[in-house]
Amino acid sequence: MNRASMLLGVGLLVGASHLPAAPIYQAEACCQLCPAAADTRAYQAAGLRGYGRLIEAQDGWLFSSAQDLRTEFGLSQQSYKQLKRLRNALKHRGVELMLVYPPSRGLLHADKLTSAERTGFDQARAQASYRATLGRMRDLGIWVPDLASLMQAEAESRDYFFKADQHWTPQGAERTALLVAQTAKKIPLFDQLPVGKYQSSPAGLMARSGSLHKVAQRLCGNGYPRQYVQSFITQPISSSPSQQAQVVLVGSSNSSASYNFAGFLEQHLGTPVHNASLHGSSHEGALLQYLLSEAFQKQPPKLLIWELGDAASLGRRNLYRQVVPAVSNGCSGRPALLQSSGTLRAGANQVLFNGANGVLPIRSSDYRIDLQFDDPAVQQLSATLTFMNGRQETLTFNRAPGDRQQGRILLELREDGDWDELTFLSLNVQPLAGVSGNSRLTTKLCQVRSDEDGPGLRTAQTSVER
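Mind the numbering: the sequence shown is residues -21 to -1, 1 to 445 in mature numbering (1 follows the signal peptide of the UniProt record, and there is no 0), read in order.
Treat the hints with care, as some may be off.
What the hints assert, rightly or not - What follows is a set of in silico ranges between Cβ atoms, one per label pair, in the way DEER data are often shown:
id: 1; residue 1: Gln222; residue 2: Glu273; range: 30 to 38 Å
id: 2; residue 1: Gln56; residue 2: Ala315; range: 29 to 37 Å
id: 3; residue 1: Arg117; residue 2: Gln359; range: 31 to 39 Å
id: 4; residue 1: Met130; residue 2: Gln56; range: 39 to 47 Å
id: 5; residue 1: Ala25; residue 2: Ala182; range: 31 to 39 Å
id: 6; residue 1: Arg117; residue 2: Gly202; range: 38 to 46 Å
id: 7; residue 1: Gln359; residue 2: Gln161; range: 38 to 46 Å
Stated by the list, open to error - List of simulated lysine to aspartate or glutamate pairs, EDC-like, C-alpha gap at most 16 Å:
id: 8; residue 1: Lys60; residue 2: Asp395
id: 9; residue 1: Lys164; residue 2: Asp125
id: 10; residue 1: Lys70; residue 2: Asp118
id: 11; residue 1: Lys165; residue 2: Asp125
id: 12; residue 1: Lys60; residue 2: Asp118
id: 13; residue 1: Lys63; residue 2: Asp118
id: 14; residue 1: Lys281; residue 2: Asp170
id: 15; residue 1: Lys193; residue 2: Glu35
id: 16; residue 1: Lys193; residue 2: Asp144
Don't read these hints as lab results, they were simulated from the structure.
We treat Cβ as the ideally placed atom computed from N, Cα and C, and that holds for glycine.
Can you make the complete structure from the sequences, with help from the hints?
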């Protein structure tokens, strides 16, 4: 070392001795819930219903009493029958159905609750109900991965969910993908899937503002910091670009690219996965849009993975009146018993009438209605079905902004109760939003034998949410 560098080093040391001491910061706990958050009446406002009440837990965790700490997970007998119908319809097209139904945050992270809140949460009952629900789904012939095993995860395992959000973390997504792969490899057709090798690698940090934080902010006014977790990206190591995916994922926002669930599936399944989930839509909307797509109708996959953000939607009976006919493409390729085409006017429009050329014996869900707007921007529609005895059924179809179903709506006639004894008379529709003044609508009613899509009870409810 020469003299100049020695002098420079001494100068740096001397200068460092005169630097001010490093500042000392006091860290204070952030963001406690206000008394209003404990008042269930505060949750009657729009956008807050369904949360029950917020519960403040340890280590910055928040829970929803209604969503996270419920103890019952099963479906009604009718809902299981409807789900069986969907499975049968897909099986008829050569498609195996897998349901991915994760445990609730309370089932996996009850250790974050305070001792008082843990006392009020019957975790054993919740675990038994969740396991039984997965078992009932398997009994329908549906492939269901053993996500109940997540409840025995090691204490040092990374958090499956975010601290104040119902979404899983990327780490939770990968743990789910591993269990999905274990079950998928038991399916007889798995060996027929194209083979590929994929690798997942870290891709920086992702920030998440929790949905429960946003609820707390509305109730109490105080903000919360974002939670940062490691994100991932999956890339092929070896696969043919010409290989078409024979596995399709449709799901909730848990299946969005942010959490890399589709990528982890590719890695652990060892086969290409097409993610047909929709940004800003639900798992119901994603499923319906995919079933109506040209891709599904022309070449259905061998395995359809349906990721459920929450199984509550499986109890919405009108869901099946839409998705089951969608599997076999509505009235396409079938003769129309009744049909019309014309421009929609403001107010109610009669688009089908049974009686112009004699009354046809149109009863039960052996019959379906296929509506096609020339304007794909239709977002909301009211439909009233009238029967010969004067009874009516009115439904409202709502589409989320992310749904792109090309202006098409399918609906089976009802068969629950005594509805299968009623003869269809007419259909009136009224566009409520998203229809221009010169939109045209083509409507068809056709017959499809109920055993074509598999046997089962057909039922309905008074509102259709997508």
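The hints, checked one at a time:
| no. | hint | verdict |
| --- | --- | --- |
| 1 | Gln222 - Glu273: 30 to 38 Å | violated (20 Å) |
| 2 | Gln56 - Ala315: 29 to 37 Å | holds (34 Å) |
| 3 | Arg117 - Gln359: 31 to 39 Å | holds (37 Å) |
| 4 | Met130 - Gln56: 39 to 47 Å | violated (26 Å) |
| 5 | Ala25 - Ala182: 31 to 39 Å | holds (37 Å) |
| 6 | Arg117 - Gly202: 38 to 46 Å | holds (44 Å) |
| 7 | Gln359 - Gln161: 38 to 46 Å | holds (42 Å) |
| 8 | Lys60 - Asp395 | holds (12 Å) |
| 9 | Lys164 - Asp125 | holds (13 Å) |
| 10 | Lys70 - Asp118 | holds (15 Å) |
| 11 | Lys165 - Asp125 | holds (13 Å) |
| 12 | Lys60 - Asp118 | holds (11 Å) |
| 13 | Lys63 - Asp118 | holds (9 Å) |
| 14 | Lys281 - Asp170 | holds (11 Å) |
| 15 | Lys193 - Glu35 | holds (14 Å) |
| 16 | Lys193 - Asp144 | holds (10 Å) |
Hints 1 and 4 from the list above are not met by this structure, while the remaining hints are.
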